[in-house]
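Please model the entire structure based on the sequences and the hints provided.
So the sequences go chain by chain: L and H. Here the first sequence stands for residues 1 to 233, numbered as in this note's numbering. Here the second sequence stands for residues 1 to 413, numbered as in this note's numbering.
Be aware that a few hints might be false.
On the chain H side, residues computed to face chain L include the following (Cβ under 8 Å) [said to hold, decoys possible]:
1) Lys325
2) Arg331
3) Asp333
4) Pro406
Which stretches of chain H does chain L cover? Using the computed rule of at least three CB atoms under 8 Å from a CB of chain L, they are [to be verified]:
5) 5-16
6) 314-323
It should be emphasised that the hints constitute simulated quantities derived from the structure, not laboratory data. All figures in this text were calculated on a predicted structure; none of them were measured in a lab. We put the CB at the ideal spot given by N, CA and C, even for glycine.
As a plain string of letters, each chain reads:
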Amino acid sequence: MSDLVISVRDLTRSYEMGAEVVQALRGLDLEIRRNEYVAIMGPSGSGKSTLMNMIGCLDTPSSGEYWLNGQEVSRMGDDALARVRNKEIGFVFQTFNLLPRATALHNVELPLVYAGTTARERRARGEEALARVGLADRMHHRPNELSGGQRQRVAIARALVNRPSILLADEPTGNLDSATSDEIMRVFEALHAEGQTVIMVTHEAEIAAHAKRVVVLRDGRVESDVLNQPKAA
Amino acid sequence: MPIWEAVTMALRTIWAQKLKSFFSLIGVLIGVMFLIAVVSIVQGMNVYMEDQFANRLIGLNVFQVRQRPGIVTGDVTRETWLSWRRRPRISYADADYIKAGLKTPATIAMYCADRMPLSYNGKTAKDIDLIGTEATYFKIKNFEIANGRAFTAQEVRASQNVVVLGDLVAEKLYAGQDPVGKEVSIAGLPYRIVGVVAKQGTMFGFSMDKFAIMPYTAPARRYICPINILDDIQIQTAGPTDMLAAMAEVEAMMRIRRQLKPAQENNFYLQTAEGALEGWKRFSKILFMALPGLVAISLVVGGIVIMNIMLMAVSERTREIGIRKALGAKRRDILAQFVVESATLSVVGAGLGIGAGILLAFVVRALSPLPAAVAPWSILVGVGLGIFVGVVAGVYPATRASRLDPIVALRAE
Chain L
1 MSDLVISVRD
11 LTRSYEMGAE
21 VVQALRGLDL
31 EIRRNEYVAI
41 MGPSGSGKST
51 LMNMIGCLDT
61 PSSGEYWLNG
71 QEVSRMGDDA
81 LARVRNKEIG
91 FVFQTFNLLP
101 RATALHNVEL
111 PLVYAGTTAR
121 ERRARGEEAL
131 ARVGLADRMH
141 HRPNELSGGQ
151 RQRVAIARAL
161 VNRPSILLAD
171 EPTGNLDSAT
181 SDEIMRVFEA
191 LHAEGQTVIM
201 VTHEAEIAAH
211 AKRVVVLRDG
221 RVESDVLNQP
231 KAA
Chain H
1 MPIWEAVTMA
11 LRTIWAQKLK
21 SFFSLIGVLI
31 GVMFLIAVVS
41 IVQGMNVYME
51 DQFANRLIGL
61 NVFQVRQRPG
71 IVTGDVTRET
81 WLSWRRRPRI
91 SYADADYIKA
101 GLKTPATIAM
111 YCADRMPLSY
121 NGKTAKDIDL
131 IGTEATYFKI
141 KNFEIANGRA
151 FTAQEVRASQ
161 NVVVLGDLVA
171 EKLYAGQDPV
181 GKEVSIAGLP
191 YRIVGVVAKQ
201 GTMFGFSMDK
211 FAIMPYTAPA
221 RRYICPINIL
231 DDIQIQTAGP
241 TDMLAAMAEV
251 EAMMRIRRQL
261 KPAQENNFYL
271 QTAEGALEGW
281 KRFSKILFMA
291 LPGLVAISLV
301 VGGIVIMNIM
311 LMAVSERTRE
321 IGIRKALGAK
331 RRDILAQFVV
341 ESATLSVVGA
351 GLGIGAGILL
361 AFVVRALSPL
371 PAAVAPWSIL
381 VGVGLGIFVG
391 VVAGVYPATR
401 ASRLDPIVAL
411 RAE
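Put into structure tokens, the structure is as follows:
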């Protein structure tokens with residue numbers, strides 16, 4: 001139990017689209033342990049975005065249970081979910097989602113602002129996180145003064161700054177060329193090696209190959225769940 | 001999130017879009033500007049009216065015994081006016097009676113005046129206030145004689161044809177010459193000029209130097225007042241307390257002299273500087289009551305503009321809101337962010353409005369005789385209104401922002 005970071009049981013999620021009810025997840029089960037490196041794959045419409053929103057506590061299930069680090073998040077209210085997102089989840093998005101007018105450092109400090117950290121500590125931890133992704137010399141640049149790879153590394157620094165239980169990446173290389181993608185993957189591998197739990201949603205098999213475990217979804221259920229290397233789990 | 005951080009964030013956003021921000025806060029700016037300017041001008045007028053107008057027209061620690069109020073700054077009904085006109089006029093005998101009976105030490109001058117032309121050597125100065133009075137009048141008015149001397153009580157008793165000119169009259173009739181010792185013609189009779197009063201300046205743009213003072217006994221008296229009749233008796237005491245005592249005494253003496261019964265109203269009027277201001281005070285009170293309405297209209301308009309700008313900002317920054325929510329911003333964090341931004345915008349508007357209002361007040365002071373004094377409380381009210389308008393205008397857009405679904409918001413372009 002203590003080793004279990006994510007435990008999802010019989011999760012369903014349905015949306016009403018006009019008169020139609022769309023079943024995005026149809027009773028999905030999934031367990032992820034500490035320091036796993038998991039890729040979630042699947043064709044479009046398989047429910048991977050919905051699952052990623054669930055895991056990221058941006059959405060709540062229609063039925064079923066979602067336990068994150070021993071807390072049941074499936075029944076939490078808005079503010080409690082916000083707190084969980086702040087403390088437990090580090091998001092990395094396909095489109096980076098940095099605030100365009102803020103410097104790299106300010107972007108990285110943002111989760112700490114909502115955690116109520118003091119300005120001095122925020123700065124120290126923000127600088128530390130940026131140094132960790134190799135951007136110590138780019139702290140006061142704005143996103144439009146940075147390359148795509150640098151932007152994504154700022155986003156990773158932001159995701160890590162509050163020391164989350166999981167790093168949750170949604171198509172992290174979708175907007176990057178292959179050389180930069182490799183660079184980002186190396187960052188992920190390094191973080192995993194340091195003990196970080198990494199969950200990555202992708203549709204590229206090449207990217208998924210970097211993960212130690214690949215979960216493939218189809219029609220709102222787990223179709224396959226295999227280890228890339230026997231040792232990983 | 002601490003409030004000052006939200007304010008810094010808001011200021012950064014406002015500064016990033018200077019022109020748009022300026023247009024959005026112009027309503028608040030105008031509202032606060034008028035508040036500051038009107039309050040400044042009215043306050044300045046108050047000071048001016050008290051210091052200058054009343055005290056200069058009537059004099060310090062001076063009251064006048066009159067048939068009816070001489071300076072009416074408010075509205076008077078026709079009935080009141082007619083009843084004033086039916087009152088007995090003030091006579092020489094009244095003045096003698098008061099001079100004989102008043103126990104409080106005081107300087108007393110009989111006074112009568114009307115507009116008359118004065119001429120010298122073919123030149124005529126029209127509409128000069130010709131004043132018939134006693135020698136004590138110069139002391140009551142605190143007139144400094146710039147040239148020559150005032151006339152004496154002796155000359156008054158002897159009904160001498162002597163006159164003291166106001167600066168403007170001397171300037172007009174005797175430009176480049178010394179008028180003292182020369183003659184001036186009043187109603188066809190020659191008068192000897194014994195002195196010229198130092199320049200008094202202007203009030204509301206009108207010269208205070210268009211007068212000539214002669215003994216009330218001089219022949220021209222018949223042109224300014226009926227025989228034995230006065231416009232008023234002017235009484236000056238050493239201080240305000242003495243003045244109140246003297247006023248009470250004079251009121252009692254006049255009532256006895258005119259045999260008024262206890263229930264009857266005074267059929268004379270004691271004019272003081274304060275009394276002259278009554279109408280003005282009523283007027284400024286009305287202005288102060290109308291002001292909130294005027295200011296409120298521009299603030300409501302300003303608030304609506306800010307609300308719209310904030311609604312636009314919320315839809316433009318939907319993605320930012322999504323990002324913030326994904327990173328752990330609670331509803332109230334987003335709410336606070338946008339309310340503070342709206343309030344900051346509005347306070348910046350109020351600040352600029354305060355500056356513009358002060359500037360306007362100074363421009364009015366420079367270009368017109370109206371003085372202006374900025375009231376510190378009006379600045380506080382301006383800032384307070386700015387915060388209030390901003391918060392009220394920001395609540396609805398901020399509520400909408402805080403209720404956005406993070407998933408939908410993150411997908412926004």
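Right, here's what the structure says about each hint:
| no. | hint | verdict |
| --- | --- | --- |
| 1 | Lys325 | holds, 7 Å |
| 2 | Arg331 | holds, 6 Å |
| 3 | Asp333 | holds, 6 Å |
| 4 | Pro406 | holds, 5 Å |
| 5 | 5-16 | holds (count 4) |
| 6 | 314-323 | holds (count 4) |
In the structure shown, no violation is registered for any of the earlier numbered hints.
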